[in-house]
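Chemist: Same order as they appear, the protein sequences are chains A and B.
Read in order, the letters of the first sequence are residues 1 to 366 in the numbering used here.
Read in order, the letters of the second sequence are residues 367 to 738 in the numbering used here.
Since the hints were made in silico from the structure, they are not lab data.
Don't take every hint at face value.
Said to hold, decoys possible - Below, computed lysine to aspartate or glutamate pairings styled on EDC-like, alpha-carbon distance capped at 20 Å:
| id | chain 1 | residue 1 | chain 2 | residue 2 |
| --- | --- | --- | --- | --- |
| 1 | A | Lys198 | B | Asp468 |
| 2 | B | Lys391 | B | Asp728 |
| 3 | B | Lys435 | B | Glu483 |
| 4 | B | Lys391 | B | Asp732 |
| 5 | B | Lys454 | B | Glu476 |
| 6 | A | Lys28 | B | Glu572 |
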Amino acid sequence: MEEKLSKNSFVENLKEFFRRDLVQYIFKRILWFIPTLLLISILVFFVIQLPPGDYVSAHIAALATEGELVDADYAASMREDYGLDLPVWQQYIKWVKDIIWTPSDTAYYRLYHSHHNWKYSFAYGRDVWSVVNDRLGLTIGVTAIIMLFQYLVSIPIAVYASTHQYSVGDYVSAIIGFLGTAIPNFILAIVLMYLSYKWTGNANVGLFTQEMLKNGIHLYNFGDFLKRMIIPIIVIGTSGTCGIIRSVRAQMLDEVAKQYTLTARAKGVSEGKIIMKYCFRAAINPTVSGLGGVLSSLFSGSTVTAMVLNMQIQGPVLYKALQSQDMYLAGAIVMVQAVLVVIGVLFSDIALAFLDPRIRYSGGGR
Amino acid sequence: MAKKLKSKEDYYLASQWTLMARKLKKHKLAQVSFIILAVLYISALFADFLAPYGLDEFDGLYRNSAPTKIYTIFEDQHVGPHVYKLEKSINKKTFEVTLEPDLSEYYKIEFFVHGTEYKVLGLFPCDLHLFGVGEGSKGGTGAKIFLFGADSLGRDIFSRVLLGARISLSIPFASAIISFFLGVAIGSISGYFGGVLDMIIQRIIEVIGAVPQIPLWMALSAAIPAGISTVKMYFYMTIILSFINWTGMARVVRGKFLSLKNEDYVMAARISGVSTWKIIWKHLVPGFMSYLIVSLTLGIPGSIVGETSMSYLGLGIKSPATSWGVLLQEASSVTDVAANPHKLIPIIFVTITVLAFNFLGDGMRDAADPYK
Chain A
1 MEEKLSKNSF VENLKEFFRR DLVQYIFKRI LWFIPTLLLI SILVFFVIQL
51 PPGDYVSAHI AALATEGELV DADYAASMRE DYGLDLPVWQ QYIKWVKDII
101 WTPSDTAYYR LYHSHHNWKY SFAYGRDVWS VVNDRLGLTI GVTAIIMLFQ
151 YLVSIPIAVY ASTHQYSVGD YVSAIIGFLG TAIPNFILAI VLMYLSYKWT
201 GNANVGLFTQ EMLKNGIHLY NFGDFLKRMI IPIIVIGTSG TCGIIRSVRA
251 QMLDEVAKQY TLTARAKGVS EGKIIMKYCF RAAINPTVSG LGGVLSSLFS
301 GSTVTAMVLN MQIQGPVLYK ALQSQDMYLA GAIVMVQAVL VVIGVLFSDI
351 ALAFLDPRIR YSGGGR
Chain B
367 MAKKLKSKED YYLASQWTLM ARKLKKHKLA QVSFIILAVL YISALFADFL
417 APYGLDEFDG LYRNSAPTKI YTIFEDQHVG PHVYKLEKSI NKKTFEVTLE
467 PDLSEYYKIE FFVHGTEYKV LGLFPCDLHL FGVGEGSKGG TGAKIFLFGA
517 DSLGRDIFSR VLLGARISLS IPFASAIISF FLGVAIGSIS GYFGGVLDMI
567 IQRIIEVIGA VPQIPLWMAL SAAIPAGIST VKMYFYMTII LSFINWTGMA
617 RVVRGKFLSL KNEDYVMAAR ISGVSTWKII WKHLVPGFMS YLIVSLTLGI
667 PGSIVGETSM SYLGLGIKSP ATSWGVLLQE ASSVTDVAAN PHKLIPIIFV
717 TITVLAFNFL GDGMRDAADP YK
């Protein structure tokens, strides 16, 4: 009987999900996405403009030192492509316009047959988007695996810690939590790499073995790949894991102390049901809304760690770009990561609206 | 009874700061952290004196040498703490060059020895160092004491950790102060005036918050021109770190402003014709100063990690100046670390500092509301 009731309420919830107010809410959230995107692009353009001197002259000077002669027409067409003779704000508009739509009669289109001109990466000698795209999938994949791990590990620990407050397990999780947040990611990476080398004779550096790079990842070498993910997961995942444990634990403790828990307990509802069906559902909200922040800290943590561990994700590309002041590439990477974070926030907002009706009725508390 | 009354009176008459200090005293971990931080900062201040060697001093013989062993017994006689000079010895079979102590002569560790010249607090010239190696028992010279071992150029890691602490510990502090003023100024504008301005500022803060911190810091470091002086580099790093940190501060300030700006005393001040800036700085900011300091303390660990990671990557502080991140550059490859584990020692300092700031901040957060 009870089971049926809860199923019905789920169906009700689903029906409600597609009701007008929710659709309106989602629409409003997506609309908010546009000004955020604009602001991100302004920030990124500011970063791109930071190095002294202009980009094309720097590139031509660099080519000249390598003994390559640049012909004047080429230089002029590049200057035009980057809009260097325009005022800064027009340069910005041109930059955004070129990314969104590049007409087919431009030199760029003839070269790359792409309508999205993210400009040219000098460090890689290709167009910026192809460099970013190379590792985008892997970056998202690795981040997703680490994030999944974070939630799978931290939520059960948090529930345990909150139901066994002041037990040994609670203290142990708190101590590990503190260490995880305090030790900088890349330092943990160095130490683990060293320990792995000392104990197993293999530093487990890089995401793939030579063999994997040749044959691709299949079922038979997937275990190897997972083995190489251990250090990245520990290093990049731990700091966020602790944050989630702390917030879920605090929320759970708040919920467990509330009146409705007492009522449910007085009515003889089983303890497991009280925790999972009532308290946990209420406590999970802040975790869902924290998704954007978790994603942001994952990108942040993985950047330096990826360089230490030689992982084939975007961190090392960003580093290489910055070393040669390849700003359009660096800007594109920062922008892609920021946009991914904002999309994460968008998803978490929608999920939250689904989980918690109060949010969609008040038009979004945030 | 009278005693109880007295303590109650004490409680009501005590200022907010006294109450906070009292509450902080109960937080043992925060206290210990405070002492550790105080020791670290003071030793950074007198790094030149505490470090046996200067920033540029090196000894090619001691390249990558492990921490110097300190002995007390020389030829079955107790002669006090002393070290031996190292000598190159070549393995006749493998031709591997190793450093072996020359046991024929001992060098006592002495206190207040004369060494490289430096300026105390940048003012008075001085060449006294807390400890160092004296003359050998047979009049020899040239022994070195490297407590934490030497780096790949034969420079003392112990001295460099101390000297690097000056930059690693002060940049986050300086940037926290800049973020403080920026955050209070922008947050108060946002909270006090509200409206469109508030909305724009909030969006900007949101966007800066959405961009992953370390990639953004790295990208901003592109603004640092090549080949500039250490002082300028320091200045740039401080600004770059503040670029993100002010947002957290501004959020706290704005929230507090929204809750305080309609209080009666603010209204009274406004009616009496007090200027807006004076209301903000004299009447509103002191009301939530404690929260600001907490938020500052909790922001410092992030800056330390930021500075260390950027210097480690070579995007921040560069040699000849040194910071903990620069020192860790030596520990970037596994083979290097496996051969010379002593190069990981600076990690201990970074971790302890970050932990201490976290614990202190946590304790202060609990103490920030002393009336609870």
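Chemist: So, for every hint listed, does it hold in this structure?
Modeler: Hint check:
no. : hint                 : result
1   : Lys198/A to Asp468/B : 30 Å, violated
2   : Lys391/B to Asp728/B : 13 Å, holds
3   : Lys435/B to Glu483/B : 26 Å, violated
4   : Lys391/B to Asp732/B : 11 Å, holds
5   : Lys454/B to Glu476/B : 25 Å, violated
6   : Lys28/A to Glu572/B  : 17 Å, holds
In summary, the numbered hints that this structure violates are 1, 3 and 5.
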